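*Asks:* The chain contents come next:
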Amino acid sequence: MMIEDIAQELAHLIKSARADYAEARVEESQSTQISYRGRELESVNRSSAIGGNVRAFVNGGWGFVSFNDFSRLAARVEAAVSQARFVGKGKSRLAEVAPVVDTVPAADNNPLAIPLVTKKQTLDEYNDIIWRTPQIQTSTISYGDGYKKTVFVSSGGSFIVQERADITLRVSAIAAKEGDVQQAGLSLGSRGDFKAINNIHKQIAEMAQNAVMLLSAPKVKGGEYTVILDPVLAGVFVHEAFGHLSESDFIYENERLQKLMVLGTQFGGDHLNIVDTAALPGMRGSYKYDDEGVPATKTYLIREGKLVGRLHSRETAAAMGENPTANARALSYRYPPIVRMSNTYIEPGTVTFADMLADIKEGIYAKNWYGGMTSMEMFTFSAGEAYMIRNGKVAEAIRPVMLTGNVFTTLKNIDAIGNDLDMNQGGGCGKGEQMPLPVSNGSPHIRIRRCLVGGK
Amino acid sequence: MEEILAQARKEAEEAEVFLVSSEETEAKFEANRLKHLQTKQRTNIALRIIKDGRIGYATATDLSDPESLIASAVETARFGMVAKFRFPSASSYPQVSIYDSSVKAFTTEKMIALGEELISLVLGHTADLVCDAGVTKGVVSINLLNSRGGRAHYEKTFFSLGLEGNLVRGKDMLFVGESQSSCHPDIRAKNIAKIVIEQLELAKNRASAPTKSLPVIFTPNGVGGALVMPLMVAFNGKVVLEGASPIGNRLGQQVFDKKLSLWDDPTVFFRPSSRPCDDEGVPSQRTPLIENGVVMNFLYDLQTAALAGKESTGSGSRARGGQPAPSPSAFVIAPGDVSFEEMVADVKEGLVVEQLMGAEQGNILGGDFSGNVLLGYKIENGKTVGRVKDTVVSGNVYQVLKEVAAVGKEAKWVGSFIQTPHIYCPSLSVASKG
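Those sequence lines, one after another, are chains G and B.
Each residue of the first sequence is one higher than the one before, counting from 1 in this note's numbering.
Each residue of the second sequence is one higher than the one before, counting from 1 in this note's numbering.
No lab work stands behind these hints, which were simulated from the structure alone.
It should be emphasised that the depicted structure is a prediction, and the values quoted were computed from it without experimental measurement.
Just so you know, even glycine gets a beta-carbon here, dropped at the ideal spot from N, CA and C.
There may be inaccurate statements among the hints.
Cross-link-like lysine-lysine pairs, in silico, DSS-like; alpha carbons within 30 angstroms at most [as the list claims (entries may be wrong)]:
1. K148/G <-> K28/B
2. K288/G <-> K35/B
3. K383/B <-> K456/G
4. K177/G <-> K383/B
5. K28/B <-> K89/G
6. K348/B <-> K221/G
7. K15/G <-> K35/B
8. K456/G <-> K258/B
9. K383/B <-> K190/B
10. K89/G <-> K104/B
11. K258/B <-> K177/G
12. K91/G <-> K28/B
13. K219/G <-> K348/B
14. K35/B <-> K91/G
15. K259/G <-> K35/B
16. K15/G <-> K28/B
17. K402/B <-> K219/G
18. K259/B <-> K219/G
Among the chain B residues that face chain G by a calculated CB cut under 8 angstroms, a handful are [claimed, not checked]:
19. L37
20. Q41
21. A60
22. D62
23. V168
24. F175
25. G362
26. G366
27. K383
28. V385
Produce the entire structure from the sequences given, and follow the hints as far as they go.
*Replies:* This is the structure we're talking about:
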């Protein structure tokens, strides 16, 4: 059975459902995972999945069922509706959106159509480069590609078919000496374009050399430093430091948080502009419609240092009296959509990297990433590579550092924003149980004064 | 399943079919009120074959199309690793009780009442806390069949209750929380509320931390969040085989403090992480990993064990539908003989760490951890005096666990697969904005 047919049947069923609003998604996907550990290719997996869900909204309460057994569709719809009726005790409010009937094909070719032998050959070349590097103990490579088609239908009359392709590549080189183990990694991704990952031999070689170099690098002493972040790490920074705090599902029912996050509040200097948009072509966080059928838009979160917007689902937008921003996303048919980022970045400023360095007597240049986390007020972001800055110059390498900040002070401590915006496609975002969701982050180089750094 | 196995055998020398079905229901509370009821049903089938000596693997959710599944497995077998193991033939499994029929009978009304009780207990202490809570119940069914006559079937129930509270005062945000899980639906709201209320009490006052080396007491949650992940990686037989584990060549040696013992145990009754056999049909066993500080074993699945010249420890796990790989089932750290109160009383100036945000994002392989103290308290002259913020704690597990000052006398389950007491470390690097 085609998923369009199942969606058609669900569309019919939810129209007559006893709910204030109902929607259904049906999804089919194929994926490949190839992993290497050590010298050899370790595993190749092929997966296929098909499944669906129904979500119903009654008196402000939500019911949700997901399934991959399609034999009892009417019962699934009824289950979602009766769950919602059970929960709802208030009023259902959703921001208005016009119903959409549209088909959005994938922007790139299906990466699953590329023969496994081609993928293996590329990955073999990378692994060989790592293993040719002296003092490398081992390596890991994990490559994944996928192709997904989703049909969204709503009681409002939407019928949206969207396809997307996705590629991710994570490569690590591991160096070891006398019980000390150091690693360096690289993460890349694309919307299905294999070219984005098939010509990075030089980067792989540098990464492997970095891992070895870290064995002799010292640990920095913990404390406050002036730090410069490269565009990759600054992208993780903006995602953690401000992106998550902009997700309105944390805020819309928490009055005190709302008071802290009143539009117009100054969070940074006049040079700071932060944007989230799914409407950029070809990025991993891009889409034409979110998982509530809302068309993608560009949202300024911070403009000239002031809070001017936030990310919404239809429900949070209605509750806060703001416009929907098309940020309701679901990892797969297993989950309901929740408020998520898409492509998040700091807009470029005017400062050159050289000028940023020039007046730093002692500081840290932090590059690349291991990850990041946030609890809204406080956040962490871990560099994959770091160097001391001494007298205006990038000096010796140090062990990778964990940096941390507080949203109410750290954004104000950004005193220089570079002119060299770059977007990273290798990230995946986690929220609740839904991870990794494809997103992209970006920034130019930025400089932060008095940034707290973990160390010995 | 038999039919898929039979068809796959026409294409390959050996085959194994692994079928997982699950159904779970969750009641979710947001901002102190019930907001969502969710039910998730899922079936997933995995086919592993050995063809021309190589491993092929494919998974699917659609059981009605075995031809595509078999074709995918055959396609991958051209590139897969050479199989060094044999699928296990029929064997007997230990009796591990993990099914409680009262989970199924536990009604939605009762789940909601439990969540409401928990929220009201916590709000009774701090009225302006904003709580998200969740009550989940479910059942999972596992079926395994292979071409050497091995077969396994078991059903497991699970139940969990958790709460996260957020308190905003001015620009200050406090996060508190606790969750517990079991195969029984017997988790008491008051036990969770008690832990959350203790956190709220300890965090009432603010204290400042200096930038210097300090003694740190990790609570069970703190141990789980900061110290366990590097050990899980280090005891993974695959990492050992690659030479990337810092303890890989130290079997039988004293690497950790004598007060530390750790084992992996999938046989504890009614724990959601327990099982009679692993995901390859190898019987479950309790595997000592550290005994009085000495490294005893590493964890193996079938293929890794064969490559390393060892036996599988029944640790083959399929995370996210992938091929089996060594993974702990339940990490259990043995309790010691010192109470938390005695530890605190021993510290002149130091910290208690309950949550270390970001600690698992770094060079875990090398044992390094560094995180922001999301929830932690200052100790002055043997007493906790208040919450610390804007503070980073850093260390390396191999240095930190080489000499610990004390191990707590009460162990607690953290998440579903770690059981640990408090661990008191004499000196860790602390950096703070005060």
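*Asks:* Work down the list of hints and note, for each, if the structure agrees.
*Replies:* Structure-based check of each hint:
1. Taking the CA atoms of K148/G and K28/B, the gap is about 28 angstroms. The hint holds against a cut of 30 angstroms.
2. For the hint linking K288/G to K35/B, the alpha-carbon distance of about 28 angstroms falls within 30 angstroms, and the restraint holds.
3. Only pairs whose Cα atoms come within 30 angstroms are accepted, and K383/B paired with K456/G is accepted, the gap being roughly 26 angstroms.
4. Between K177/G and K383/B, the direct Cα distance comes to roughly 42 angstroms. Violation of the 30 angstroms bound is thereby established for this hinted pair.
5. For the suggested pair K28/B and K89/G, the alpha carbons sit about 14 angstroms apart, so the restraint of at most 30 angstroms is met.
6. Simply put, K348/B and K221/G have alpha-carbon atoms about 23 angstroms apart, close enough for the 30 angstroms limit, and the pair holds.
7. Of the pairs offered as hints, the one joining K15/G and K35/B holds, with about 23 angstroms between alpha carbons and a cut-off of 30 angstroms not exceeded.
8. For the proposed pair K456/G and K258/B, the alpha carbon gap of about 25 angstroms is at most 30 angstroms, so the pair holds.
9. In summary, the hint linking K383/B to K190/B is supported, as the alpha carbons are separated by about 26 angstroms, within the 30 angstroms threshold.
10. A threshold of 30 angstroms between alpha carbons decides the hint, and for K89/G with K104/B the separation of about 26 angstroms falls inside it, so the pair holds.
11. Pair hint K258/B plus K177/G holds up; C-alpha atoms about 26 angstroms apart against a cutoff of 30 angstroms.
12. About 18 angstroms separates the Cα atoms of K91/G and K28/B, which keeps this hinted pair within 30 angstroms; it holds.
13. Taking the CA atoms of K219/G and K348/B, the gap is near 27 angstroms; set against the 30 angstroms cutoff, the hint holds.
14. Pair hint K35/B plus K91/G holds up; C-alpha atoms about 12 angstroms apart against a cutoff of 30 angstroms.
15. The hinted pair formed by K259/G and K35/B meets the criterion: a straight-line CA distance of about 23 angstroms does not exceed 30 angstroms.
16. At roughly 26 angstroms between alpha-carbon atoms, K15/G and K28/B fall within 30 angstroms of each other, so this suggested pair holds.
17. Between the alpha carbons of K402/B and K219/G the distance comes to roughly 20 angstroms, so the proposed pair stays at or under 30 angstroms and holds.
18. For the given pair, K259/B sits about 29 angstroms from K219/G by alpha-carbon distance, which is consistent with the 30 angstroms threshold.
19. At its closest, the beta carbon of L37/B sits 4 angstroms from a beta carbon of chain G; the interface hint therefore holds under the 8 angstroms criterion.
20. Given hint, Q41/B at the interface with chain G, holds; its Cβ is 4 angstroms from that chain's nearest Cβ, closer than 8 angstroms.
21. Given the 8 angstroms rule on beta carbons, the hint for A60/B holds: about 5 angstroms separates it from the nearest Cβ of chain G.
22. Given hint, D62/B at the interface with chain G, holds; its Cβ is 5 angstroms from that chain's nearest Cβ, closer than 8 angstroms.
23. Taking 8 angstroms as the C-beta cut-off, the interface hint given for V168/B holds, the closest approach to chain G being about 4 angstroms.
24. Because the closest C-beta pair between F175/B and chain G is about 6 angstroms apart, less than 8 angstroms, the hint holds.
25. The restraint placing G362/B at the interface with chain G holds, with a minimum CB-CB distance near 5 angstroms, inside the 8 angstroms limit.
26. A least Cβ separation of about 4 angstroms between G366/B and chain G falls short of the 8 angstroms threshold, and the interface hint therefore holds.
27. Hint on K383/B is violated. Least Cβ distance to chain G is approximately 25 angstroms, over the 8 angstroms limit.
28. For V385/B, the suggested interface contact is broken, since its CB lies about 20 angstroms from the closest CB of chain G, more than 8 angstroms.
The structure shown violates the earlier hints numbered 4, 27, 28.
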